[in-house]
Amino acid sequence: VKPELEEAPMSSADHSSVAALVERAGAKAWSPDALPWDDEVDWSSVAVPEKSSILAGVPAFRRMTAGESVHARQREMASHLAALTIGESKAVNLAAETVLLCPEGAVEQRWFLGTLLADEAKHELGLRRFVEDKLGWRVRPHPVLDALFAELSRERDFELNLLAGQVVLEGAAATLLNGMLLGVEQPLLRELLRNIARDEARHIRFAHLVSTPIADVARVRRRRMEEVLFEAAHAAVASLLPSDTWDELGLDPAAARAASVDSLRARGVIAFFTKIVVRELGLRGFPADDLGATLERNLEARLRGHS
Amino acid sequence: VKERTALEKVQGAILAVKKTLSARAVRPEASLVKDLGIDSLKFAELSLELEDAFGRPIYLGDVLSEIEDPATITVAQLAERLERGE
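Protein chains in written order, with our numbering: chain Y, 1 to 307; chain A, 1 to 86.
Bound conformation, chain Y alone:
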């Protein structure tokens, strides 16, 4: 039931646009080594602002002193950056697999995917160096992201890789990056995030250019794609839960999870996935009404560990 891989039905204008993106990737190339790594990083300059903090909704957080609150929000920022690092490291493998699945003869697409792969590797290197060397925080494996990427690997589907990788996951990562860019003042981190955000925007442009309508895909296959896209949305939100901080901060995991999901809902993050991401998928050719309904019904319960 999986569609045969053929050359994507792109117009010559789209071929030129992808070729232009390849050139742009070259023109905007940057190196993590060129960033000011010798600068000292003051932990206090990398705390999540209280109004954006997911931890701020946890009851124990509200009993913290001012100093403890800053410490907790610093750890929260480290946790977000660590999750981004894991996502980028998984994206390197996904990009490599996507190159192999790229339609025969789609030369410009292969070129671009080559640049995308190199970008993801740079992002991982830069983020890991910042998180581990500058913040002294350990990047831990993320079981939910691990499971999602393993599932994508098994599917071996070019379109699904683009939709899950570039629309759901990179769309969510781009939103997180933009949020950090709007609030981070620490110069090294800001420059790192700015470079990554610029690359991610180019990747999303590529996915938009090469996405083709898949309404005609067999019903069984479409259902399977919906299942994997649901998992992608779940993994993206789950990676925002700073669960690797709960132990160090002495928070009860069940209470912290419940309050964090409340906080994500109150801040519109869950609605972002049930509405904005669904609309985005629709614009990129995936009929996502059923997926939207499933996300509305099940995403929050899944995050709370109820299903």
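Hints listed in this document are in silico derivations from the structure and should not be mistaken for laboratory results. Don't be surprised by glycine CBs; every beta carbon is placed ideally from N, CA and C. You may find that some hints are simply not true.
What the hints assert, rightly or not - Capping the alpha-carbon separation at 20 Å, the derived lysine to any residue pairs in SDA-like fashion look like this:
no., chain 1, residue 1, chain 2, residue 2
1, Y, K275, Y, R223
2, Y, K51, A, K34
3, A, K34, A, T72
4, Y, K51, A, R81
5, Y, K28, A, T5
6, Y, K28, A, L7
7, A, K19, A, E68
8, A, K34, Y, E231
9, A, K19, A, K2
10, Y, K275, A, L15
11, A, K19, Y, G268
12, Y, K28, A, R81
13, Y, K275, Y, E231
14, A, K34, Y, R267
15, Y, K134, Y, P187
16, Y, K275, Y, D290
17, A, K18, Y, R279
18, Y, K275, A, K34
19, A, K34, Y, G179
20, A, K19, Y, R265
21, Y, K275, A, Y59
22, Y, K275, A, E49
23, A, K18, Y, R267
24, A, K9, A, E68
25, Y, K275, A, S31
26, A, K19, A, S31
27, A, K9, A, F54
28, A, K19, Y, A266
29, A, K18, Y, G179
30, Y, K51, A, S31
31, Y, K134, Y, P36
32, Y, K28, A, E86
33, A, K18, Y, S52
34, Y, K134, Y, E231
35, Y, K51, Y, K134
36, Y, K28, A, D62
37, A, K18, A, S31
What the hints assert, rightly or not - Quick look at which bits of chain Y chain A covers, simulated, 3 or more residues with Cβ under 8 Å:
no., stretch
38, 24-37
39, 196-206
Once you have looked at the hints, place chain A on chain Y.
For chain A alone, coordinates are given in the frame of chain Y:
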């Protein structure tokens, strides 16, 4: 029917995603972040509204990453960039 200007399209899109704002508040020199309270989630929604208004894909992440301090971008500056095709 007169075609809306880029500024009018941006103002309309902002009002569509931030329904608590009054039309008067979305003045050209208002900062999207500091004055109008557009956060990263609203920026994602704004991208889609702008895509409808301009009839082409809009990549606000690209725009934000090119600005020294993205939190200072104003309504007029965003409209100018989109008018230039960014």
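message: Does E231 of chain Y sit within 20 Å of K275 of chain Y, going by the straight-line distance between their CA atoms?
response: Distance ~16 Å between K275 of chain Y and E231 of chain Y Cα, so the pair holds.
message: Can you confirm whether chain A covers the stretch 196-206 of chain Y, using C-beta to C-beta distances below 8 Å and requiring at least three such residues?
response: holds (count 7)
field: K51 of chain Y paired with S31 of chain A [C-alpha distance capped at 20 Å]
entry: holds, 18 Å
field: Pair hint K28 of chain Y and D62 of chain A, alpha-carbon separation not exceeding 20 Å
entry: holds, 12 Å
- prompt: Hey, K19 of chain A versus K2 of chain A, does the alpha-carbon distance stay inside 20 Å?
  reply: violated, 25 Å
field: Satisfaction of hint between E231 of chain Y and K134 of chain Y, Cα-Cα up to 20 Å
entry: violated, 32 Å
query: Holds or violated: are the alpha carbons of K9 of chain A and E68 of chain A at most 20 Å from each other?
result: violated, 24 Å
task: Given the hint that K134 of chain Y pairs with P36 of chain Y, test it: the Cα-Cα distance must not exceed 20 Å.
output: Answer holds: K134 of chain Y to P36 of chain Y is near 12 Å, not above 20 Å.
task: Take the C-alpha atoms of K275 of chain Y and D290 of chain Y, compute the straight-line distance between them, and say whether it is at most 20 Å.
output: Distance ~12 Å between K275 of chain Y and D290 of chain Y Cα, so the pair holds.
query: Straight-line Cα separation of K28 of chain Y and L7 of chain A no greater than 20 Å?
result: Outside the cut-off at roughly 29 Å; violated.
message: What's the verdict on K34 of chain A and E231 of chain Y, does the C-alpha distance respect the 20 Å limit or exceed it?
response: With Cα atoms ~35 Å apart, K34 of chain A and E231 of chain Y exceed 20 Å; violated.
field: 20 Å Cα cutoff - pair K28 of chain Y, T5 of chain A
entry: Measuring from Cα to Cα gives roughly 31 Å; hence the hint is violated.
Consistency note: the structure conflicts with the earlier hints numbered 4, 5, 6, 7, 8, 9, 18, 24, 25, 34, 35, 38.
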